[in-house]
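Okay, here's what each chain looks like letter by letter:
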Amino acid sequence: MVSPARNGTRPVERGPADAVWAPQGRYEQVREGLRAYRMIAAMWIRSTMAYRASFAMTAFGNFAATALDFAAILLMFSQVDRLGGYSLPEVAFLYGVSGTAFGFADLAFGSMDRLGRRVRDGTLDTLLVRPAPVLAQVAADRFALRRLGRITQGLLVLGYAVAVLDVSWTPLKVLMIPLMLLSGGVIFAAVFVGGAAFQFVAQDASEVQNSFTYGGSTLLQYPPTVFATELLRGVTFVFPIAFVNWLPALYVLGRPYPLDLPTWVAFAPPLVAAVCCVPAGLAWRAGLRSYRSTGS
Amino acid sequence: MGTGRLYAAVAVGGFRRYATYRIATAAGVFTNTVFGLILAYIFIALWDDRPHLGGYDQAQALSYVWLGQALLMVVAVMGGGFEDELIERIRTGDIAIDLYRPADLQLWWLAQDAGRALFHLLGRGVVPLAFGALFFDLALPVDPLAWIAFLVAVALGVVVSFALRFLVALCAFWLLDGAGVAQLAWIAGIFCSGMLLPLNVFPGVLGEVVRALPWSSLIQAPVDVLLGTADLPRTYLFQAAWAAALLAAGRLVQSAATRRVVVQGG
Numbered sequence: 006m007v008s009p010a011r012n013g014t015r016p017v018e019r020g021p022a023d024a025v026w027a028p029q030g031r032y033e034q035v036r037e038g039l040r041a042y043r044m045i046a047a048m049w050i051r052s053t054m055a056y057r058a059s060f061a062m063t064a065f066g067n068f069a070a071t072a073l074d075f076a077a078i079l080l081m082f083s084q085v086d087r088l089g090g091y092s093l094p095e096v097a098f099l100y101g102v103s104g105t106a107f108g109f110a111d112l113a114f115g116s117m118d119r120l121g122r123r124v125r126d127g128t129l130d131t132l133l134v135r136p137a138p139v140l141a142q143v144a145a146d147r148f149a150l151r152r153l154g155r156i157t158q159g160l161l162v163l164g165y166a167v168a169v170l171d172v173s174w175t176p177l178k179v180l181m182i183p184l185m186l187l188s189g190g191v192i193f194a195a196v197f198v199g200g201a202a203f204q205f206v207a208q209d210a211s212e213v214q215n216s217f218t219y220g221g222s223t224l225l226q227y228p229p230t231v232f233a234t235e236l237l238r239g240v241t242f243v244f245p246i247a248f249v250n251w252l253p254a255l256y257v258l259g260r261p262y263p264l265d266l267p268t269w270v271a272f273a274p275p276l277v278a279a280v281c282c283v284p285a286g287l288a289w290r291a292g293l294r295s296y297r298s299t300g301s
Numbered sequence: 006m007g008t009g010r011l012y013a014a015v016a017v018g019g020f021r022r023y024a025t026y027r028i029a030t031a032a033g034v035f036t037n038t039v040f041g042l043i044l045a046y047i048f049i050a051l052w053d054d055r056p057h058l059g060g061y062d063q064a065q066a067l068s069y070v071w072l073g074q075a076l077l078m079v080v081a082v083m084g085g086g087f088e089d090e091l092i093e094r095i096r097t098g099d100i101a102i103d104l105y106r107p108a109d110l111q112l113w114w115l116a117q118d119a120g121r122a123l124f125h126l127l128g129r130g131v132v133p134l135a136f137g138a139l140f141f142d143l144a145l146p147v148d149p150l151a152w153i154a155f156l157v158a159v160a161l162g163v164v165v166s167f168a169l170r171f172l173v174a175l176c177a178f179w180l181l182d183g184a185g186v187a188q189l190a191w192i193a194g195i196f197c198s199g200m201l202l203p204l205n206v207f208p209g210v211l212g213e214v215v216r217a218l219p220w221s222s223l224i225q226a227p228v229d230v231l232l233g234t235a236d237l238p239r240t241y242l243f244q245a246a247w248a249a250a251l252l253a254a255g256r257l258v259q260s261a262a263t264r265r266v267v268v269q270g271g
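Protein chains in written order, with the numbering used here: chain A, 6 to 301; chain B, 6 to 271.
Calculated from the structure, these hints are not laboratory results. Bear in mind the structure is a predicted one, so any value in this text is a computation, not a measurement. Even glycine gets a Cβ: it sits at the ideal position worked out from N, Cα and C. One thing to keep in mind: the hints can contain errors.
Here are some of the chain A residues that sit facing chain B, going by a computed Cβ distance under 10 angstroms [to be verified]:
#: 1; residue: Y56
#: 2; residue: L80
#: 3; residue: Q84
#: 4; residue: L88
#: 5; residue: G89
#: 6; residue: L93
#: 7; residue: Q214
#: 8; residue: Y219
#: 9; residue: T230
#: 10; residue: A233
Bound conformation, chain A alone (with noise of 0.2 angstroms):
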């Protein structure tokens, strides 16, 4: 005999609790946790413009900081005329990019490197227990509006590129950055959850992780045919980060990759993000479900 519940002719009514803590379907959990991601965000917000000097300080030290990276290569262009065979105006647009989209990547999952912390401290106990997304949680932990400066710097240095580049600009092209600035932001963010995952297991090895995020937003701020083929193979096929910039770069630049590769994977960034999301997504599950309290 089958229970009605069982049955299910009709949706058993669930209470308030309920409906958070067991949202229906994918869809349901999604919207849960951008809200909940919301408004710990908006939380985290308005308590940094309580201190509204400090915060300038802090986003201008930020947007600083970034900059130091692109005062390098204008050092470097103080020296040469070109870097592997790239001008200035080409090396900045592969920098702004590489920058911007890993901006994006780390305002919206920057603070997940302090996984490893709450790990370590306990902390992370209070996180099950709320009725909220634990990812949506711990990416909007200490949501820090200062990353912004990093986005403008790398938004600024994109703009001279575009401003000063030699390039006979198609629409396709124009409609490169976008994409690019995008799907970039995907690949990186997918990156940012792959390593908090990883910090479950390792969890004072947070720093492995910083040469997967800002290591690799380095390495794509220079041109490819600066790097060993071995490397390109890597970045390429196994952490496929050559898709931020890269491959679709070179294409707008009209420069053709180190590695024999057909022109239509300049194309495919946004599709190369959507892969990524899926081992990020897996490893979470599994570091979560790993994870077992230090107890006391």
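Chain A is already provided as a structure; the job is to place chain B on it using the hints.
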């Protein structure tokens, strides 16, 4: 306990404190190696285009990259040593207890930082340098005397770095929130220490200014001592002069700050 033994014990404590986090150390070594790899390829491209840029040949430039990665934590270019803790103690008022202790505040933290630096030299420095030497053509000397001269320059660099960060931390007496100053010092440190590019590659007047600033004692001076591209007595004198001047400035600021604490009744 004798004074010397007290500070030795503090230094050992500093060493052991950082040595506790082995996984974090391994992770840091990994990151230094990855960044060293990226920089090495960029430097190869630069020196391919302009051999003898800044007076270095390519092997010397690559040695600069890997020595820089090895020294990065030792001389704490990016901060993250004792100063965060000292700033926090000033902010919370715990500093009042420290000032009551029968030990000198500056020497206490210097001893602690020396222990940290020694650990970072062994734990964070050796592996990236060995990796670089294994996979790239470096111009490292085999003469043990050159390495001893290098270690002396590193030690002087650590003292200069400490004195700078001590001054930064003391700013918290007036500002309470030391984050802004710490960040400024961090940016100045990265730019002026030669972590981005060797300081002898900086063009014109800018180059002359950064080479005269204290931060050039941190990475540029020890590397030049090891590569034999520096005038040894002049480099030591330069580092020692900055160390003495900055430590003395730290003393002055400390006494001014201490009077302030007393006025506040802390």
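**Q.** Structure versus earlier hints, numbers of those that do not hold, lowest first
**A.** 6
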